[in-house]
Amino acid sequence: FVKDDEVPRDVLAGIVKKSCGAFRSEDVTPLIKVEGHYILELFHGPTFAFKDVALQMLGNFFEYFLSTGSNDGRLAVLGATSGDTGSAAIYGLRGKKGVDCIILYPNGRVSEIQERQMTTVPDDNIHCVSVEGTFDDCQDIVKASFANQEFRDRVKLGAVNSINWCRVLAQTTYYFWSYFRVTDAEKDVKEVNFSVPTGNFGDILAGYYSKRMGLPVGDLIVATNENDILHRFFTQGEYHREDIQATISPSMDICVSSNFERYLFHLAGDDSTTLANWMSAFESTGKLTISGKMLDKARADFKSARADTDATLKIIKRYNSDHEYMLCPHSAVGVDAVHQLNTANSATVCLATAHFAKFGDACSMAVDPLPTLPKQLSKLWKMQIRSSNCPNDAAVVQAFMEKRIEERIAKHAARDEKKKVLKNVVLVSAAVGALAMAVSALRRR
21 FVKDDEVPRD VLAGIVKKSC GAFRSEDVTP LIKVEGHYIL ELFHGPTFAF KDVALQMLGN
81 FFEYFLSTGS NDGRLAVLGA TSGDTGSAAI YGLRGKKGVD CIILYPNGRV SEIQERQMTT
141 VPDDNIHCVS VEGTFDDCQD IVKASFANQE FRDRVKLGAV NSINWCRVLA QTTYYFWSYF
201 RVTDAEKDVK EVNFSVPTGN FGDILAGYYS KRMGLPVGDL IVATNENDIL HRFFTQGEYH
261 REDIQATISP SMDICVSSNF ERYLFHLAGD DSTTLANWMS AFESTGKLTI SGKMLDKARA
321 DFKSARADTD ATLKIIKRYN SDHEYMLCPH SAVGVDAVHQ LNTANSATVC LATAHFAKFG
381 DACSMAVDPL PTLPKQLSKL WKMQIRSSNC PNDAAVVQAF MEKRIEERIA KHAARDEKKK
441 VLKNVVLVSA AVGALAMAVS ALRRR
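Sequential numbering from 21 applies to the sequence shown in the numbering used here.
Rather than coming from a laboratory, the hints here were simulated on the basis of the structure.
A virtual CB, placed ideally from N, CA and C, is assigned to each residue, including glycine.
A few of these clues could be false.
Claimed, not checked - Distance windows between CB atoms, simulated: (1) Ala320 to Thr88: 39 to 45 Å; (2) Glu303 to Ser398: 40 to 46 Å; (3) Val36 to Pro391: 46 to 52 Å.
What the hints assert, rightly or not - In the DSS-like style, the derived pairs of lysine-lysine whose C-alpha atoms are separated by at most 25 Å in a straight line are: (4) Lys399 to Lys116; (5) Lys163 to Lys423; (6) Lys116 to Lys37; (7) Lys231 to Lys53; (8) Lys231 to Lys23; (9) Lys117 to Lys423.
Work out the full structure: start from the sequences and follow the hints.
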């Protein structure tokens, strides 16, 4: 995927090493066995969520390309988050030269710890914006901004959500990694199943592409909460928009999955005309329906299951009491799915997408008291927060972006000018001092 003329091999190796170096585990994404199946822990990065795997790498790719003069050395990254993407993007882009990072999140619809992870980062190239609406509203603002070519070109707009292909590419790595770890340990396993807590479809799409690349994958299990549009599609062929329900797994509280369109392209036989017709009908009616052989093909590609709040809390409680293992609500949805589908065995990997501590209020409904929080998270309550609020209006958000970017550029220009003046003063002082010493030496002669 990454050719030498795009990124030299030694530079690519350095980017990967630097990205992995941000994780607390030597294995980066360790694989453990619990109750007869495997759990892939994707939460050992800076923000304790799976998004770190891709966004640490994406941030380092951005930094490299900007250093070569690409995009005139400047980038305004606009992203929407239901909780985890925002903080992971912020930690991947904070302090990066030439980059402004603007993250939109639905006001009151992310966990407190997720909000604090975003809003306590002091770097002046980070701009957090709570939007009066849902995650889908935030995502629509992002899409509208990219569709506005004049605005996009003016601010040098870039993507951090999984519409950016680098996100999906980076996520394929842990499917290969975990496959080889499982088959090393389980000699009789030839294909590995993966259960993935699914909202925006990017994480499991990486598994789908891994399978298409030749990785021996068995079942790809789409695990959803009450916002089950994807489960309804794979069981009934109905991708029908419904109102979003607020749940204890908020990162999956999504009605329209932006990456799903990529899969639909392949389902349509890589026919862009069919896809365009499907999406046009969906935009106008809120419904996309398939049946017959098309539905059979979708069911062959993915299995699915739905876990509501009651089932999620029960699985969290049971795994803690039986195995002293804490699942976050999203990870618990994925684990519950393998039990529903009778695939909780040594050939199955459940993706644990976040540390339980990020969703303490939800987890405490099942386990009380909770285990001790990691110190990196507990200290967030002692830090100053910094955020702005905007209405659900793309034009207002775009104006806010331009104002903040202009302010930061002006601030940095003034700081650079001050440094330049100070440097000149130092040089002049040094020259005067040297001249004075030379004159003194001549007088002594």
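Now the hints, each set against the structure:
no.: 1; hint: Ala320 to Thr88: 39 to 45 Å; result: holds (43 Å)
no.: 2; hint: Glu303 to Ser398: 40 to 46 Å; result: holds (44 Å)
no.: 3; hint: Val36 to Pro391: 46 to 52 Å; result: violated (32 Å)
no.: 4; hint: Lys399 to Lys116; result: holds (24 Å)
no.: 5; hint: Lys163 to Lys423; result: holds (20 Å)
no.: 6; hint: Lys116 to Lys37; result: holds (17 Å)
no.: 7; hint: Lys231 to Lys53; result: holds (23 Å)
no.: 8; hint: Lys231 to Lys23; result: holds (22 Å)
no.: 9; hint: Lys117 to Lys423; result: holds (18 Å)
Violation of the numbered hints given earlier is confined to hint 3; every other hint is satisfied by the structure.
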